[in-house]
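Colleague: Sequences are here, hints too, so could you generate the full structure?
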Amino acid sequence: MNFDLTEEHKMIRDMCRSFSQEIIFPRAEEIERTGEYPYDIISQMAELGMMGIPISEQYGGSGGDWLGMHLCIEEISRGDPTFGALLDVTTSVVAQALAVFGTEDQKRKWLIPIAKGEEIGAFGLTEPDAGSDAASIRTRAILDGNEWVVNGTKQFVTNIGLDNASIIIIAAVTKKPVKGRGRISTFVVPKDSPGFVLGKRYEKIGWHGSATHEVIFDNCRIPEDNLLGDSAKGFAQHLSVLQTGRISIAAMAVGAAQACLDESLRYAGERVQFGKPILSFQAIQFKLADMSVAIELARNQYLKAAWLKDQGRKHSFEATVAKLFASEMLEKVASDAVQIHGGYGYMAEYPVSRYYRGAKVLQIVEGTSEVMRIILARELAQGTP
Amino acid sequence: MNVIVCLKQVPDTETQIKIAPDGKSIVTDDIKWVMNPYDEYGVEEALRLKEKFGGEVTVVSLGPKRVTESIRTALAMGADKGILISDDALEGSDSLATAKALAAAIKDLDYDLIFTGQRGVDDDMGVVGASLAEFLDVPQFSVIVKVEVAEDGKSVKAHRPVEGQVLVVESSLPALITTQKGLNEPRYATLPGIMKAKKKPFEEKTLADLGLDPAKVGEGGRKVKILELTPPPKRGEGKIIEGETPQEKAAELAKLLHEEAKVF
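Protein chains in written order, with my numbering: chain A, 1 to 385; chain B, 1001 to 1264.
Everything labelled a hint here was simulated from the structure, so no lab data went into it.
Just so it is clear, CB atoms sit at the ideal spot from N, CA and C, and this is done for glycine as well.
Hints are not guaranteed to be accurate.
[Stated by the list, open to error] Using C-beta positions, here's what the derived DEER-type ranges look like: (1) B:1051 - A:3: 18 to 26 Å; (2) A:233 - B:1054: 49 to 57 Å; (3) B:1161 - A:197: 20 to 28 Å; (4) A:339 - B:1236: 37 to 45 Å; (5) A:3 - B:1091: 25 to 33 Å.
Modeller: Below, the structure is given as structure tokens:
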């Protein structure tokens, strides 16, 4: 067993940490307040190659691995988790789906610019009537000549509101239901397709810098070749990509929680009450100690899941454990961080309040905590771990 | 234009420094080591010159094996080659011995400019750059905030801030420049750069390779001996000036500055 990061991993972590501290963190409060999309920071991240870490050089990436990608996501999220969400969706989900399931043409057309970060990818599964019950989606794709005609609505789509978002990968029903279940396939829909409508921008309780919109397909026509992956296998083949998304959510939660601990330690050392820094009080010390325990465990778990993935080994259990544990620990850690800050922690301009508002969503996106527990129970029943 | 950057690895400035039981050194366990920030300016400036004039950037360091990590960071930023002078006998060397070893490694290389940091942020001696220039017999500019190499690549003008003014000095090449904050904004290593760093040429040299006498370096060869390290004095508690109005507060402040702080 070897817990050492490689030289490359350390360099990735250190570079991303510096970038996050120097470029992202100082701007995060302003981005959260104004809701303006931080294109300048996104393009710097692209120039540094963050969107293509695990993608091969041939397709515009750096030829690194998923462990390196997730070290990057953790450090970037420490400055502001919305940038971690951007990386999760465009790299862990979209770029990976194209790299694994795309044809040579599809990779050339969409993967290369996305891995380089020149274009940003989005992913659409959730619908007004389909969330955790993914099989109940109603978006339909019907082949008409050599084009698919797509109709339906996708909700809560991350990244799609960015000017340089180029495509959305969606799940849509292609065949009529047989015994109650339709076949679901996956498509690449370029944003400039006829009938693609960018819907309303959501007002969220946090993550205001993340470009979350509704997307409507109104007789949206895409070429027949935009089907992604093997049509006979349908959507099920894409579950491996969603497992990586779970590792990414865990890394984001760890980054945000680490920031909460950093801020709390600093504040507790400076804030004087009863003639002493509040850091000298055991009630505060215990909170900080518990925060560090939770973060350490969540970090080890996401690193393990990413390492297993890089080894090409089964990691559904580990990734699910990481996502569930890390997202739930963040809510507690962020809450304690606000508590340590007292009244100041409830003020919008204090960083901990931003992490607190952004914490809850990680228990919902990319599979709710409840769905994670269902998956784990299923794995336990199969005797997996 | 071939540029050499001398790079020192130092404790991260955010690291809590503890003095070792011998009272003359620091505890090095659990220290996070980084590239000396002043040397980062040197790497950045060298890369800019390479982008403008072509040529190669070589990073030269001295220290234990862990220094490899900092050299690789410079390679990830875009430097072409790394050389690490590493030998157990060098442990505890002073600035003069360090400069001698660097000079031995550099003298046969083909270079137009050498950058060193104006000082290392660990012991703040600021001696290596000047000594190295002396051993190599090249002109030296210290504490430089702007470097202008002539279009023909044959001479350099260097700017040094002096008492609010700027002194501009010129020299033929090769020359040595020690870097000061403000020279540039060092770039981040890119992901492709990080992944390629390990494939770039990297050499390790011992004292024997450089033809140096182990007795003249290291702890035994020190001309400057460290007698004692002491932590900085604890900062006294701050004082909040009381008063109803700004005028009252100003009067109180003036009184304290006069009577307690005795600044006037």
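Colleague: Decide, hint by hint, whether the structure agrees.
Modeller: Hint check:
no.: 1; hint: B:1051 - A:3: 18 to 26 Å; in the structure: 39 Å, violated
no.: 2; hint: A:233 - B:1054: 49 to 57 Å; in the structure: 52 Å, holds
no.: 3; hint: B:1161 - A:197: 20 to 28 Å; in the structure: 58 Å, violated
no.: 4; hint: A:339 - B:1236: 37 to 45 Å; in the structure: 32 Å, violated
no.: 5; hint: A:3 - B:1091: 25 to 33 Å; in the structure: 28 Å, holds
Hints 1, 3 and 4 from the list above are not met by this structure, while the remaining hints are.
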